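Dock chain L with the ligands against chain P, hints included.
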Amino acid sequence: MADTAIAHGHDSGHGAHVTSTGLSNNKLAMWMFLGSECLLFGGLISTYMLYKGRVNSGPQPDQIFDIPFTSVSSFVLLMSSLTMVLAVSAAQRKDDRNTNLWLTITALLGATFVGGQVYEFTAFYREGLGFTTSLFGSSFYTLTGFHGVHVSVGIIMLMALVGMISRNRIPGNKAESVELVGLYWHFVDIVWIVIFTLVYLIPS
Amino acid sequence: MAIIERPSSEVAIAGGSTVGVKPSEALGVFKRPAASTSWRDWIVTVDHKKLGIMYGVAAFFFFIVGGLEAVLIRMQLIAPNGKVLNADQYNQMFTMHATTMVFLFVMPMAAAFANYFVPLQIGARDVAFPRINAFGFWCFLFGGIFLNTAWFLGGAADGGWFMYAPNSSTLFSPSHGIDFWSMGLQITGIASLTGAINLIVTILNMRAPGMKMMRMPIFTWMVLVVQFLLLFAIPVITVALFLLTFQRSFDATFFDVASGADPLLWQHLFWIFGHPEVYILILPSFGIVSEILPVFSKKPLFGYPIVAMSGAAIGFVGWGVWAHHMFASGLGPVSVTVFSMATMAIAVPTGVKIVNWVMTMWGGKLQFTVPMLFSIALVVQFTIGGLSGVTHAVAPSDTQQTDTYYIVAHFHYVLFGGAIFGLFAGFYYWWPKMFRKQLSESLGRWNFWLMVVGMNMTFGPMHMLGLQGQPRRMSVWTEARAGEGFFNLGFWNRISSIGSLVLSLGVLLFIINVVYTHKSKKVAIAPLDPWDGRTLEWMTDSPPKEHNFDTIPTINNLDEFFHRKYAQDATTHEITQVATAEEVLAEMNAHPDEHIHMPSRSYWPILLALALPIIGYGLIYNRVILAVGVAMVVATMFGWAMEPSTAADDDFDPPAPGDGGGHTKELAPLG
Ligand code: HEM
Ligand SMILES: [Cu+2]
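Residue numbers (our numbering), protein chains in the order written: chain P, 1 to 204; chain L, 1001 to 1671.
This is chain P alone, in the form it adopts within the complex (with noise of 0.2 Å):
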């Protein structure tokens, strides 16, 4: 037929139609999507150093970040990525089960940065830095809060993503919604490079 021929495309994963550039209508969209969010963190980037000297009470920066911690946690958020690309290849060679073991690890690596990520908050917060206390405060938490809501997403997106492979309820291709979320789980994990590099490392 002709039209098999043409651009079309689904938002329930056909990748393998045809279309004028090639790349899946779903690829293309989380694309689109990943830049626009670069605009997101890069705004509450900017914000954060902007005011992360200004302190008029509560603590500085260097008095409360315990770098080896969020080191830890961090380095646990980057092998998640490591875990994400074997999901990624195993669900390419259409391994079910070990797509769905690797995305569970994946999963679980993202819930133990998450939980870091509320163990320092609560730590902060008793140590006296409250969302309010200062504009320090408030883009800190602002800014790595938005981060933690992005991980959870990923986490609830790669949970989704397990249960419908195991009931084969995923519609399209199934190696790609595997990659579409790897590509969001991995742009996650890159933000947090840059956040934990100007955040924690640089000194104010």
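Incorrect hints may appear among the rest.
Listed next, the in silico SDA-like pairs over lysine to any residue satisfying Cα-Cα at most 25 Å (straight line) [as the list claims (entries may be wrong)]: (1) K174/P / A1641/L; (2) K27/P / L1204/L; (3) K52/P / A1258/L; (4) K1519/L / R1040/L.
What the hints contain is simulated information worked out from the structure, not anything from laboratory work. All of these numbers come straight from a predicted model, not from anything done at the bench.
For chain L with the ligands alone, coordinates are given in the frame of chain P:
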């Protein structure tokens, strides 16, 4: 479900939209909505054309709301010490007027045209993500309504459309108005962002064979540039709005000067969004007139690649000029110089477009139809607004002008005289395509002239008022500052206010024209190709079938439709008609694609969008409502994810008699 599961030649006979599909169950929660002709179909539709019309109707409603607000403002200022509004009401009025016009009229009206015509212009059957498209529309509608409910819940936002901090804090604006404003814009922002991703993917990925980028109609090009601007500008305003909400609702300190906050943070975030935003507002109209001028000049667009590329150039340079809105804020001489230069530079690609339009008309056989009149008026009025823009690109002169009526004059010339005139040109031009009837040309002429006179009468005098020093956003002016003779403030204020009534009359005539066209028996069905169009959207039925094209055309030329109707003699260069529009269409429809699988209707988009204002009310009033809203988001997203975008094969009605059966294997999924 919009599934057409039989040879489309039959569908064509059936009218294209009523093919029955049995409702099946998705998730066991809802039955999938089936196709119907009742109002319910509009709620569950994912058809880009229906959504385009819905965007248009809703946006026009907000246009009337914003227009009434504007008239109230002008009535307050018609005479010294006006008593129509008190200062507080006046603040709410100008804030909501601007917010409504920018976010709830011009942006969604551009989305209406983009939704309806981009798939047609590139030879696609729908957008890339139809359900997300529907979701975007509902977000816009519910966000806009949410924003306006503030009027009845203690007062609307009152900080001006740019909502400068710290004036936006609870100390200076204790009502919930600004909370509604920031959350409402957050919701409409979701509409813009999802729409942007959707249209970018559609334009890049779903072009018909042979539809190279440099063969796309200019309107599609401008829509593409606008979607990229939205893609990168919306997240910036999102950040700003979050900071504002956190400040007002959770006592964060972002704009609290006592804690050492920098009020310029808001200004930078707002204008990094805000300047690209003005191009988001104008470029769709530039696209529309770039379609119309060639059609009524009987010539191809002069310098097509230059028009496309200057649009893209505006898109890039538009990111580097935001601080020209902040010349008076003490940025320092270096920044001011840099931004001043950059702003003058951006006038260049803008001027290039004007030259192209004029050259398109030059030597053409001009037909002064109503869409053409609106387009020409855009070129003239936008040029005036662009020139006053250059006068405030010059920073020293801007310090005289900023925050006066001169600025108000500038942006109304570009926005009303430019963007809105372009949209009206689009109404008249595309009406016969969308509704099979052509709006009356004679009423249209009244509509046009009243709007031109009204617009120039309202905003022209504002140049004078501003240079005389009348500040913007003041609820009264006094006799004491009125000035002498020609420079008398009272005189020009009166002219301007009367002008606003003339302008309103013009808009009213448009509404009358629409009612007349559709109610009067005297108005005949419009011909298939009433303007002798050039682009692909005219190569469809009026209105187009649900699946747009029976066969997807193969594109060999820029202005493909024109080239199918006309041929040029190789030696004499004489252009002769070789086919009528009807013949071109009949030839295309002669061998329709066998199976066209359209995306299915869905309940989830409207339900998910409905949850968002509930979250908004929850954040403002009550944590229980908040919890309900969040639960609704989770549930609807889950339902959405589990519902395939195209119904399963066993969802279809049994094959129609004579359909031979057995075709289901070679479904061509689409959309
Ligand atoms: C030739 C191109 C243009 C130039 C050089 C230009 C320049 C400027 C400058 C320097 C200002 C700030 C003045 C002040 O506040 O003191 C301004 C304000 C404004 N411009 Fe333009 N402009 C141009 C085109 C446009 C277009 C195309 C639009 C929209 C369609 C637009 C909409 C606005 C608006 C809405 C404001 C006022 C914002 C506010 O203060 O509320 N301008 N323009
Ligand atoms: Cu600007």
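Notebook entry, point to check: Can the restraint linking K174/P and A1641/L be considered satisfied, given a maximum Cα separation of 25 Å?
Noted result: holds, 14 Å
Note to self: Hint check: K52/P vs A1258/L, CA-CA at most 25 Å. Holds or violated?
What the structure shows: Roughly 16 Å between the alpha carbons, so the hint for K52/P and A1258/L holds.
Note to self: Between the alpha carbons of K27/P and L1204/L, is the straight-line distance 25 Å or under?
What the structure shows: holds, 12 Å
Item checked: Restraint status (C-alpha distance of K1519/L to R1040/L at most 25 Å) -> Satisfied, since the Cα-Cα distance of roughly 24 Å is no more than 25 Å.
Every hint, counting from the list given before, is met by this structure.
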